[in-house]
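Protein chains: 2
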Amino acid sequence: MKKVLVLGAGQLARMMELAGTPLNLDVKAFDVRSLKVVQPISPEHEYGNLAQGIANADVITAEFEHVAHDTLSECEASSKLYPSSNAIKIGGDRRLEKSLLESCQAANAKHYFVNNKADFDQAISALSLPIIFKSALEGYDGKGQWRLKTPEDAEAVWLDMAKFLADAKDTQSIVAEQMVPFDREVSLVGVRRKNGDIAVYPLTENHHTQGILSVSVAAPVNETLQKQAGEVFKALTEELNYVGVLAIEFFQVGETLLVNEIAPRVHNSGHWTQQGADTCQFENHLRAICDLPLGSTSLVRPTAMINIIGEDEVSNDVLAIPSVTIHWYNKGKRAGRKMGHINVSGESELILAQRLVQLATLLPASAFPDLAEFAQSYLANK
Amino acid sequence: MKKVLVLGAGQLARMMELAGTPLNLDVKAFDVRSLKVVQPISPEHEYGNLAQGIANADVITAEFEHVAHDTLSECEASSKLYPSSNAIKIGGDRRLEKSLLESCQAANAKHYFVNNKADFDQAISALSLPIIFKSALEGYDGKGQWRLKTPEDAEAVWLDMAKFLADAKDTQSIVAEQMVPFDREVSLVGVRRKNGDIAVYPLTENHHTQGILSVSVAAPVNETLQKQAGEVFKALTEELNYVGVLAIEFFQVGETLLVNEIAPRVHNSGHWTQQGADTCQFENHLRAICDLPLGSTSLVRPTAMINIIGEDEVSNDVLAIPSVTIHWYNKGKRAGRKMGHINVSGESELILAQRLVQLATLLPASAFPDLAEFAQSYLANK
Numbered sequence: 001m002k003k004v005l006v007l008g009a010g011q012l013a014r015m016m017e018l019a020g021t022p023l024n025l026d027v028k029a030f031d032v033r034s035l036k037v038v039q040p041i042s043p044e045h046e047y048g049n050l051a052q053g054i055a056n057a058d059v060i061t062a063e064f065e066h067v068a069h070d071t072l073s074e075c076e077a078s079s080k081l082y083p084s085s086n087a088i089k090i091g092g093d094r095r096l097e098k099s100l101l102e103s104c105q106a107a108n109a110k111h112y113f114v115n116n117k118a119d120f121d122q123a124i125s126a127l128s129l130p131i132i133f134k135s136a137l138e139g140y141d142g143k144g145q146w147r148l149k150t151p152e153d154a155e156a157v158w159l160d161m162a163k164f165l166a167d168a169k170d171t172q173s174i175v176a177e178q179m180v181p182f183d184r185e186v187s188l189v190g191v192r193r194k195n196g197d198i199a200v201y202p203l204t205e206n207h208h209t210q211g212i213l214s215v216s217v218a219a220p221v222n223e224t225l226q227k228q229a230g231e232v233f234k235a236l237t238e239e240l241n242y243v244g245v246l247a248i249e250f251f252q253v254g255e256t257l258l259v260n261e262i263a264p265r266v267h268n269s270g271h272w273t274q275q276g277a278d279t280c281q282f283e284n285h286l287r288a289i290c291d292l293p294l295g296s297t298s299l300v301r302p303t304a305m306i307n308i309i310g311e312d313e314v315s316n317d318v319l320a321i322p323s324v325t326i327h328w329y330n331k332g333k334r335a336g337r338k339m340g341h342i343n344v345s346g347e348s349e350l351i352l353a354q355r356l357v358q359l360a361t362l363l364p365a366s367a368f369p370d371l372a373e374f375a376q377s378y379l380a381n382k
Numbered sequence: 001m002k003k004v005l006v007l008g009a010g011q012l013a014r015m016m017e018l019a020g021t022p023l024n025l026d027v028k029a030f031d032v033r034s035l036k037v038v039q040p041i042s043p044e045h046e047y048g049n050l051a052q053g054i055a056n057a058d059v060i061t062a063e064f065e066h067v068a069h070d071t072l073s074e075c076e077a078s079s080k081l082y083p084s085s086n087a088i089k090i091g092g093d094r095r096l097e098k099s100l101l102e103s104c105q106a107a108n109a110k111h112y113f114v115n116n117k118a119d120f121d122q123a124i125s126a127l128s129l130p131i132i133f134k135s136a137l138e139g140y141d142g143k144g145q146w147r148l149k150t151p152e153d154a155e156a157v158w159l160d161m162a163k164f165l166a167d168a169k170d171t172q173s174i175v176a177e178q179m180v181p182f183d184r185e186v187s188l189v190g191v192r193r194k195n196g197d198i199a200v201y202p203l204t205e206n207h208h209t210q211g212i213l214s215v216s217v218a219a220p221v222n223e224t225l226q227k228q229a230g231e232v233f234k235a236l237t238e239e240l241n242y243v244g245v246l247a248i249e250f251f252q253v254g255e256t257l258l259v260n261e262i263a264p265r266v267h268n269s270g271h272w273t274q275q276g277a278d279t280c281q282f283e284n285h286l287r288a289i290c291d292l293p294l295g296s297t298s299l300v301r302p303t304a305m306i307n308i309i310g311e312d313e314v315s316n317d318v319l320a321i322p323s324v325t326i327h328w329y330n331k332g333k334r335a336g337r338k339m340g341h342i343n344v345s346g347e348s349e350l351i352l353a354q355r356l357v358q359l360a361t362l363l364p365a366s367a368f369p370d371l372a373e374f375a376q377s378y379l380a381n382k
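The listed protein sequences correspond, in order, to chains W and P.
Quick note: the first sequence uses the numbering used here, first residue 1, plus one each step.
Quick note: the second sequence uses the numbering used here, first residue 1, plus one each step.
Heads up, some of the hints might be wrong.
Per the computed footprint, the stretches of chain W lying under chain P, defined by three or more beta-carbons under 8 angstroms from a beta-carbon of chain P, are [as the list claims (entries may be wrong)]: (1) 20–26; (2) 30–43; (3) 295–307; (4) 323–337.
Just so you know, the hints here were simulated from the structure itself, not pulled from any lab data.
Every residue, glycine too, gets a C-beta built ideally from N, C-alpha and C.
Construct all of the structure, not just a fragment, from the sequences and the given hints.
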């Protein structure tokens with residue numbers, strides 16, 4: 001039995017344990033808050049500290065990119081870490097991320113690094129409004145971001161950002177980015193094995209509510225876009241000599257994809273693969289880092305994923321809809337927290353759309369504010 | 001979080017934990033050897049004795065039918081046991097099983113109960129050869145069975161059976177059954193909720209090797225047979241006021257199904273549902289006993305299950321075949337022991353058949369003796 005240690009003991013480690021157990025993989029997780037190694041699905045079971053976890057593991061991986069750098073170094077020193085600390089850091093630092101995109105010639109929004117007022121002024125003159133400013137080291141799910149729409153707001157935005165930079169405990173920086181008038185947001189989840197084998201899932205269409213992913217839909221895709229995304233995936237992962245699952249978020253502008261963000265890990269927009277793909281992203285990540293053959297990433301049937309945010313229960317009637325599966329993360333209830341997700345599939349996109357409409361009637365609009373509208377517009381297009 | 005206690009801590013409890021965890025069900029198991037409550041996927045974690053397990057549980061169920069009767073009584077006294085002890089006992093006693101089949105008028109092979117030499121002689125004259133004798137209380141996977149093909153062997157068979165009856169610690173009995181010249185063996189796995197809702201999976205075709213299930217295939221079915229099987233399922237489960245998954249093994253003779261055996265639990269011939277059905281049998285069993293809406297039992301795509309018997313590893317190349325999933329049970333290697341299973345699916349039966357042929361080339365004939373022949377004949381029929 002191969003032993004896997006995951007840095008981070010959240011829902012992604014939990015779903016890795018669920019996917020890895022049938023493969024006879026022993027998945028443990030390093031909880032970065034308690035500094036203990038735990039069993040992801042039963043975190044009350046502890047297995048010592050990081051050093052012991054590293055010693056016991058055959059392979060180490062991460063479920064998030066904001067792992068402390070000394071932790072990454074300690075893991076990398078064991079030669080068991082996949083992907084590399086370098087790749088993980090890129091996901092946690094927009095400066096490194098942008099440099100990677102440039103070196104791979106991966107299309108992305110025009111941008112500028114901001115460290116002081118002079119940079120800020122230069123960014124405004126080099127880019128046209130609106131501009132989005134994102135902190136380089138922190139910030140996901142909409143945190144640590146500023147939007148500048150009119151020149152009049154520049155001073156207020158700068159003051160707030162300057163305070164943020166001054167308060168930052170790490171060497172922070174801000175990336176100013178031309179806001180792209182995109183048609184939609186899509187993401188590509190793919191996987192690369194040590195020997196260079198690559199497999200990518202179909203592009204997923206993503207919808208955000210207040211900066212947090214709310215719905216992802218995987219359905220048969222536009223071949224041109226899929227090819228474009230696959231080429232970016234190949235270029236980036238080969239450049240990094242990447243091993244494991246990596247997700248790329250894109251803005252789609254017409255028939256062109258611009259990279260928005262890279263996540264060097266299994267990704268929320270890939271949770272649909274648990275019911276909709278031949279092999280789920282969690283199993284494929286484990287296969288890749290354990291040097292097993294990659295599983296097929298084919299779409300089995302159109303599938304949507306709906307995040308459950310800030311709620312710890314939903315009506316049981318949801319389970320009465322065919323092809324609905326609920327995945328709870330066993331986390332304490334907190335506003336804005338990802339508590340679980342619902343996967344729903346259909347034999348066709350029309351059936352999937354009808355089920356989404358039905359789901360929207362059973363889930364409270366207070367917790368799923370955009371679902372009904374999304375489901376109706378998705379149905380209208382089928 | 002609802003707490004479920006499973007009587008028996010083998011692979012079926014393990015797969016219930018894997019299926020139940022996403023639903024926020026806390027699945028523990030009572031190990032009937034150590035008499036401890038454990039976590040099925042990490043049995044080193046203990047949670048006290050049976051009484052504590054019963055007190056902590058919201059719902060109790062069983063993964064096998066040979067549970068000690070005093071254990072069943074103790075569980076039933078808590079009013080948490082589903083299915084009932086009565087239903088579980090029927091699966092462990094062929095006399096009760098045959099009586100149930102008679103009372104439900106479910107077609108089954110002509111049979112006779114044998115407790116002594118006079119019964120034995122009478123069975124031989126009442127039934128025609130060949131006859132199969134099966135011990136009432138024990139015996140599955142081909143154990144505790146005798147076949148009588150010619151009158152000359154009668155004396156030897158009786159002597160062996162008489163010794164078995166004399167040595168039995170419980171009040172044993174033997175059921176003599178007319179051997180049926182069947183065309184094939186099929187099984188129906190279905191589920192019934194407390195409110196009477198029923199859902200059944202498509203009939204599965206089963207192949208045995210030396211009395212142990214080796215391959216099950218689920219594919220689009222003959223409607224007449226499916227209807228027949230569904231009616232038997234309904235009659236039996238309503239008679240028992242059954243709650244949970246129940247499997248019925250049938251002999252198919254032309255267009256008629258004769259009940260061979262009933263298993264009041266999730267069943268090996270239903271393991272294909274993990275990849276091939278909308279909701280797997282483990283989740284549906286948990287949904288039923290926790291009084292949640294049943295999940296759809298539709299076939300998503302043709303799927304076969306291959307048991308891994310007596311081997312604790314297979315070539316990693318198996319994982320390179322698309323739509324192949326391996327499920328290991330983390331059990332110590334022992335000849336004849338079910339160690340895991342492989343599920344393989346195909347977009348069509350032809351593709352499934354081709355993959356089975358490919359699998360057979362990668363799995364050693366010593367451990368999978370009939371697979372190559374089965375795969376070839378399955379392919380020839382597609």
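*Would you list, in rising numerical order, the hints stated earlier that this structure does not obey?*
none
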